[in-house]
Amino acid sequence: MHLDLQIICDGWKETSHFRKLVKATQQSICHAISDPAHTSISFSGGKDSLVLLHLITSIYPTINVWHWDYGIFMPREFENAIMANLKQLAPAVNLIYDKRYSKNPHSASGYQGFYGAINKYTTKKQISLTIIGLRKEESCARKSRLTRGKFEKYSKNNTLFFPLADWTWRDIWSYLYIHQISYPEIYDLYGPLLGWEKVRFVTFFDPEFEFLGGPNLDKFFLYEMRNQYV
Amino acid sequence: MDFPKQLDEFGKDWVFENLEIIFTIGTPMLLTHPFIALDSLLLHLYAKEFYQKNFNLLPSNKILRDDLFPPQLKIPIKKDVATGLYHCSFSIFDEKITLLPRFHHIRRRFEDRYLHLMKKVKKIGINKGTLKNYDMKIVQISPKTVRFYCVGVKTIIDHLLSKLEGLGKKVNTGNGTILNYEIHSCKKDHSWVKDGISQRPIPVRYLMSTSRQVPMTWVPPYWARDMIEVCAPPNANITFQPGVLCT
Chain W
61 MHLDLQIICD GWKETSHFRK LVKATQQSIC HAISDPAHTS ISFSGGKDSL VLLHLITSIY
121 PTINVWHWDY GIFMPREFEN AIMANLKQLA PAVNLIYDKR YSKNPHSASG YQGFYGAINK
181 YTTKKQISLT IIGLRKEESC ARKSRLTRGK FEKYSKNNTL FFPLADWTWR DIWSYLYIHQ
241 ISYPEIYDLY GPLLGWEKVR FVTFFDPEFE FLGGPNLDKF FLYEMRNQYV
Chain D
472 MDFPKQLDEF GKDWVFENLE IIFTIGTPML LTHPFIALDS LLLHLYAKEF YQKNFNLLPS
532 NKILRDDLFP PQLKIPIKKD VATGLYHCSF SIFDEKITLL PRFHHIRRRF EDRYLHLMKK
592 VKKIGINKGT LKNYDMKIVQ ISPKTVRFYC VGVKTIIDHL LSKLEGLGKK VNTGNGTILN
652 YEIHSCKKDH SWVKDGISQR PIPVRYLMST SRQVPMTWVP PYWARDMIEV CAPPNANITF
712 QPGVLCT
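Those protein sequences? They're chains W and D, same order as listed.
Quick note: the first sequence uses this note's numbering, first residue 61, plus one each step.
Quick note: the second sequence uses this note's numbering, first residue 472, plus one each step.
Just to be clear, a hint being listed does not mean it is correct.
Claimed, not checked - Derived DSSO-like pairs (lysine-lysine); straight-line CA-CA distance at most 27 Å:
{"no.": "1", "chain 1": "D", "residue 1": "615", "chain 2": "W", "residue 2": "279"}
{"no.": "2", "chain 1": "W", "residue 1": "279", "chain 2": "D", "residue 2": "665"}
{"no.": "3", "chain 1": "D", "residue 1": "603", "chain 2": "D", "residue 2": "590"}
{"no.": "4", "chain 1": "W", "residue 1": "184", "chain 2": "W", "residue 2": "83"}
{"no.": "5", "chain 1": "W", "residue 1": "216", "chain 2": "D", "residue 2": "545"}
{"no.": "6", "chain 1": "W", "residue 1": "203", "chain 2": "D", "residue 2": "591"}
{"no.": "7", "chain 1": "W", "residue 1": "279", "chain 2": "D", "residue 2": "590"}
{"no.": "8", "chain 1": "W", "residue 1": "213", "chain 2": "W", "residue 2": "203"}
{"no.": "9", "chain 1": "D", "residue 1": "591", "chain 2": "D", "residue 2": "608"}
{"no.": "10", "chain 1": "W", "residue 1": "73", "chain 2": "D", "residue 2": "608"}
{"no.": "11", "chain 1": "D", "residue 1": "665", "chain 2": "D", "residue 2": "545"}
{"no.": "12", "chain 1": "W", "residue 1": "147", "chain 2": "W", "residue 2": "159"}
{"no.": "13", "chain 1": "W", "residue 1": "196", "chain 2": "D", "residue 2": "640"}
{"no.": "14", "chain 1": "W", "residue 1": "279", "chain 2": "D", "residue 2": "591"}
To be clear, the hints were calculated from the coordinates, so they are not data collected in a lab.
Small disclaimer: the values here were computed from a predicted structure and weren't measured.
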């Protein structure tokens, strides 16, 4: 972990706010999951997903974990690192692996395809509760969405649950730091440049995020991975 | 520049020499790729001069390779016949500067002070179309000098580069302004390799060994994806196969 971030985490992990938040989240998870066989965690491989996975598998080690591989928008090095982290962190989980197969970047947006896929999976496997690591702090849209509550009716038989809604970036990094959870290395590259509060792990070279300049950075820093799928 | 009427004679009297081009940069540069290619830069300047006002009417949805260009549009850089590679390097920045990139934001927001200029509409879409809002991050680096090596015609390259205002993206808003440039003759050709380190992408099939392999475009235009091949990227340790022309 980067030295600047370590200093922040060292101080933040001692605060009573952080300790209470972790306890409260663990309790809310225990209350929410009534049927672990029909509950699933949505795992992207990013820092929030890792925290969520660690929190839940410490209580329910064999829970369903659904992972969506973004295909051409996720370089294979990163995808392999995600799977390695998952195996190390939660070896006993029931992993369901789904993938975006299209090689055309414009056929369906990479990130939006995720929501269609999760709907298909939950309907097929009769999942009643899906746990996702969204946080209020991430964007204004998410803040307004999560202010309505940590539970959201997604479809007829499926409810979404957001246990990390109130977590801040300091909480997330401190949790990873305390438990020595390994995370994708790309955070160490983009974190100091973009800021540890803004850095995200979603898709790479994705035209959907052109208006935010995401592909501009990927083409510069990860140019070696740009043409992996040609 | 005067383009001759007899096309067969064009380029026959050119005398190629080993050159080192050094740009002194005044303002920070914006880049979306870690390298700038000299051959594509000269091709752009040459085409701009050749087509003049018609330059902006060229098709933007077709890939125009240099073999499809008219004969006058031959850039003043030596092209290796066997490999098809131009004898020119990619950009070489100051070593320390490239390790310290920063971000520049290119923003556009709709401002209601322009409302009176528009037709009366109920809603204005800001998520798509001409009024789309964006906040694009782009990498900004601050090199003092940018260096290129090539084998070319000094006078013509000098003439073309005199019309170049800046390097990198968003030159029209004052980024990457060129303060001056120098063209020196040098003894050795460093356009492909210098001290065993590659200076441009070279397809692996021409190499005996390479420290890194990356799928890249190796002929201009470098944005086109139809000529992607596994190459040794710039700054890789390479050794050429025997018989491949390299000095």
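Okay, the hints, checked on the actual structure:
A hinted pair counts as satisfied when its Cα atoms are at most 27 Å apart, and residue 615 of chain D with residue 279 of chain W qualifies at roughly 23 Å. The hinted pair formed by residue 279 of chain W and residue 665 of chain D meets the criterion: a straight-line CA distance of about 25 Å does not exceed 27 Å. Proposed proximity of residue 603 of chain D and residue 590 of chain D is supported: the alpha carbons are some 17 Å apart, at most 27 Å. Taking the CA atoms of residue 184 of chain W and residue 83 of chain W, the gap is near 33 Å; set against the 27 Å cutoff, the hint is violated.
Simply put, residue 216 of chain W and residue 545 of chain D have alpha-carbon atoms about 66 Å apart, too far for the 27 Å limit, and the pair is violated. Using a Cα cut-off of 27 Å, the hinted pair residue 203 of chain W and residue 591 of chain D is violated, with the two alpha carbons roughly 33 Å apart. Between the alpha carbons of residue 279 of chain W and residue 590 of chain D the distance comes to roughly 39 Å, so the proposed pair goes past 27 Å and is violated. Between residue 213 of chain W and residue 203 of chain W, the direct Cα distance comes to roughly 17 Å. Compliance with the 27 Å bound is thereby established for this hinted pair.
A threshold of 27 Å between alpha carbons decides the hint, and for residue 591 of chain D with residue 608 of chain D the separation of about 33 Å lies outside it, so the pair is violated. Using a Cα cut-off of 27 Å, the hinted pair residue 73 of chain W and residue 608 of chain D is violated, with the two alpha carbons roughly 32 Å apart. Simply put, residue 665 of chain D and residue 545 of chain D have alpha-carbon atoms about 26 Å apart, close enough for the 27 Å limit, and the pair holds. With a C-alpha separation of about 18 Å, the suggested pair residue 147 of chain W and residue 159 of chain W falls inside the 27 Å cut-off, and the hint holds.
For the given pair, residue 196 of chain W sits about 35 Å from residue 640 of chain D by alpha-carbon distance, which is inconsistent with the 27 Å threshold. Restraint check: the Cα-Cα separation between residue 279 of chain W and residue 591 of chain D comes to about 41 Å, which exceeds 27 Å; the hinted pair is violated.
Against the hints set out earlier in the document, violations occur for numbers 4, 5, 6, 7, 9, 10, 13 and 14.
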